[in-house]
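Chain order of the listed sequences is A and B.
No gaps in the numbering here: position 204 of the first sequence is 204 in our numbering, and each next residue is one more.
No gaps in the numbering here: position 225 of the second sequence is 225 in our numbering, and each next residue is one more.
Don't read these hints as lab results, they were simulated from the structure.
Worth double-checking, as some hints may not be accurate.
Because identical chains share one entry, a pair is satisfied inside a single copy or across any pair of copies.
[Said to hold, decoys possible] Okay, derived cross-link-like pairs now, BS3-like style, lysine-lysine, Cα gap no bigger than 25 Å in a straight line:
#1 Lys311 - Lys54
#2 Lys30 - Lys15
#3 Lys15 - Lys49
#4 Lys30 - Lys182
#5 Lys333 - Lys15
#6 Lys333 - Lys311
#7 Lys165 - Lys336
2 protein chains.
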Amino acid sequence: MKKNDASYPIMAGRKLFTAGPVREIRSVLKAEARGSAYMRTDDFRNYTKALCTKLQAVLETQNPVLLVACSGTGVMEMAVVNTHPQMALVIGNGHFAHRWAEILDSHGFPYHVCADDTYAGVEEYYRHDGSKYTYDVVFGTFCESSTGRLLSEIPKISERIHRNKGIFVLDAVSGLVVNPLKTDEWGVDMVISCAQKGFGVAPGLSIISPSDRALALCRQRPCTSYYFDIARYVEDYQRGSTPYTPPVSLMHALDKSCDFILRQGGKYIQTCAKRTGELREQMKGLGFSITDEAHLGNCITEFSVPDAWHKAGISCDAIVSRLRVMGYETVPKDQKSFRVGNYNIFRAEEIRDFVSAVRTVLRSMERNLQAH
Amino acid sequence: MKKNDASYPIMAGRKLFTAGPVREIRSVLKAEARGSAYMRTDDFRNYTKALCTKLQAVLETQNPVLLVACSGTGVMEMAVVNTHPQMALVIGNGHFAHRWAEILDSHGFPYHVCADDTYAGVEEYYRHDGSKYTYDVVFGTFCESSTGRLLSEIPKISERIHRNKGIFVLDAVSGLVVNPLKTDEWGVDMVISCAQKGFGVAPGLSIISPSDRALALCRQRPCTSYYFDIARYVEDYQRGSTPYTPPVSLMHALDKSCDFILRQGGKYIQTCAKRTGELREQMKGLGFSITDEAHLGNCITEFSVPDAWHKAGISCDAIVSRLRVMGYETVPKDQKSFRVGNYNIFRAEEIRDFVSAVRTVLRSMERNLQAH
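Turn these sequences into a full structure, and let the hints steer you where they fit.
Structure follows, in C-alpha cells:
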C-alpha cells in the first residue's frame, strides 16, 4: 500500500478526519481486496449467517440484521416505506433529522418534528397533542453527524413510544460502534446503519434490523418499494441470503471489522471515548470552543473559532482548505466552525499530529490575528 | 494474494464461471483496496467527472452516466419509478424480463409482456393494439443472463418506439462491455447496468444513463422514491457529485476497469467473443448442446446434456456440485442444463482448464453412462 501512487492523487497520503467515509484499517482493506465470491452457494450462505450473527452482537440484539446494498439514506427510506406511518414523529434537530422529514414528505406521510431531543421534549409532544395523534412511528437520530450530538434517554423515549403502541426507528448511521447502543435492552424497534462510519468500511453496504413488533407493523402496511421491501429481505435472511446481489467485497470488509470490534469488546468504545476526549481537550487548548460538550458522542466534534478570531478574518473555510493542503480532510461547516470526525481507533499520536497541524495553520494566519 | 487463506475459505482458489459476481482482475482488486476518499472535495468531484466520462465512452453515449449505490435491481426500479409508465411494454422472455414485470406490478403500473424479443414481435404488439396503447415506456433486456440470449435489432426497435413517442429503457446489466452497445447511435433512451458483470468489479455500484428525451419524461411524471429520484442525481452529476455517499472503493475499481477496457478498444469485445466461441466449441466437443446459439451474447452460455445422459442419471446439478469441489463455480439451472459465465478477459488456457475439469467430472460419471 504505497502512500504516493500517482494514479490515485486524491487518496495519496490523505488522512480522513471526516464524518464518513472514514479511514479503513489495513486488515479491513485487505479483506475488501480478496475478490468476489459467488453468493448462491451453501458456503456463502453460512458465511452470511455468521456475519449477521456478529452484527447482532455489535448491535446487542436478537433481531435479524439485514444487509442492503445502498447508502444510509437508502435504509432510511426503507424504514419509512415499510412502516408507512399514519402519523410520524421526527425527534431532534440537525441535518439528518431533517432528512427523515424530507423522506416522509416525498411519500406524503404526515409527521411532526420535535426539535427538543430529550425525553421531556418527546413527552411534551405526546401531551400537547392529547389523544389526537398516537404517533405510530417515531424516527430518531442516534448521533447527529452535523453536530455530534448523541440522543440520550433512549430507554425512556422507547417506553413512552411503546405506551402509545408506536414503534421506534433509530438512525444509527453515525453513532453505532463508537457509542454503546443496547438495542434490545433499550427497546429500539428498528435500527438502521451502514458500514462506512463506525465500522470503518468503504461505503455501499447498509443494514436494517427490525424487531418482531416492527415487522408486525410492516406486514400490516403496504410497501411502496420493490427494492426496499423488507419482507423479501427477512424471508431470504432466514436462509443466509439476500434477495438481490449483495456487495460481497464490502461484506468481507465488514466481517473483518466486526471481528476487530468484537475482539476488543468494551475496550473498543472506551478507546474511542478516550481519543475523542484528547482531541477535544487539545483543540480547546488552541482556543476553539465546543457547544454542549456533555451531550456529544464519541466520533464527531464541531469546533468553533472565537468571535475575535472571526472578526480578525480567520475563517473555518480557510482552516479546512489549509489542512487539506497538509493532507488532512475535515468537514467545513461555515465560517465560524468546522467538523472533525475520529471514527475507528485513532492512536494518541495521530490525534496529536492532527492538532499540531491545526496549530501550524493557525500560526500561518497569525499575522491576521496580530493585526487585530 | 495468497490462494489459500484459512480465514477466507469461501474464496480460496475459487474460479468464478458464474453470471455475476465475476472474477476481478488484479489491478481492479488493488484499486478497490486503496482505501476511501472524502467525496465532498473538488479533487473527488473532478475524479468522479473523469470516471463518468470514461463510462460515457464505454456506453458510446453523450448522455450523463449516473452512479447509484445499489444492486442492478435498484436501478431497474429507479427506471420504473422515474418514468412512471402509463402503459408499458416489457420485451423478451426469461428471468430478468420477468423482474421488470414484477417491479411494474409492485407499483401498480399497467404493462404488456411481449415474449418475442425480435423487431417483428414488438411491431406485432403495436399493430395488435392499434391506437389503444401507445406504450410510453418500453423495457428491454440486452442480454438475458438466464439464457445468454442477446436482444438484437435494437435500432429498429428504438425507431418503432420513438415513432409512437415512447422511450426505450434497456437493462444492460449483463450484456454491457462484453457486447457492442452503441447507445446514442441505436437510440436507446435509458441504459441501466452495474459494476459486477462486464466491468468485473465487486457488486454494489450501479449506473443509469438517461437521454434528454428520457429526462424530459421523468420531469413530467411524479417519482415515488426519494433515494432513487433521478432528478437529484442529474442535478449533482453536473458538478461531479452524488446526492448520497457513493461507494468510493467500488468507484476506484470501476475506474481501473474502464481504463483497462478503453485501452483495449475494440479488441476487448473481440477477445470476449473469441473466448466464448472457444468455450462453446470445446463443450460441444464433450457432447453438450446449446440452444439458439446464433442469438447468444459473449458472456453466458446455457449447456444442456443430451437426453441419453439425463436418462442415464447424469444431472447438471451433480455436474455443478462436482465442479464446485474442484474449485469451479458455475450456475445450476435444472437437471438438464447449467449456465457458465465468462465475463472479462479469460485466457485460452483458462477455458481449456475449465473444459478439462468438466471432462474429468463426466469421466467420473462414466460408469452411469456405460451402464446405459
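Looking at the structure, which of the earlier hints fail to hold?
As far as the earlier hints go, 1, 4 and 7 are violated by this structure, in ascending order.
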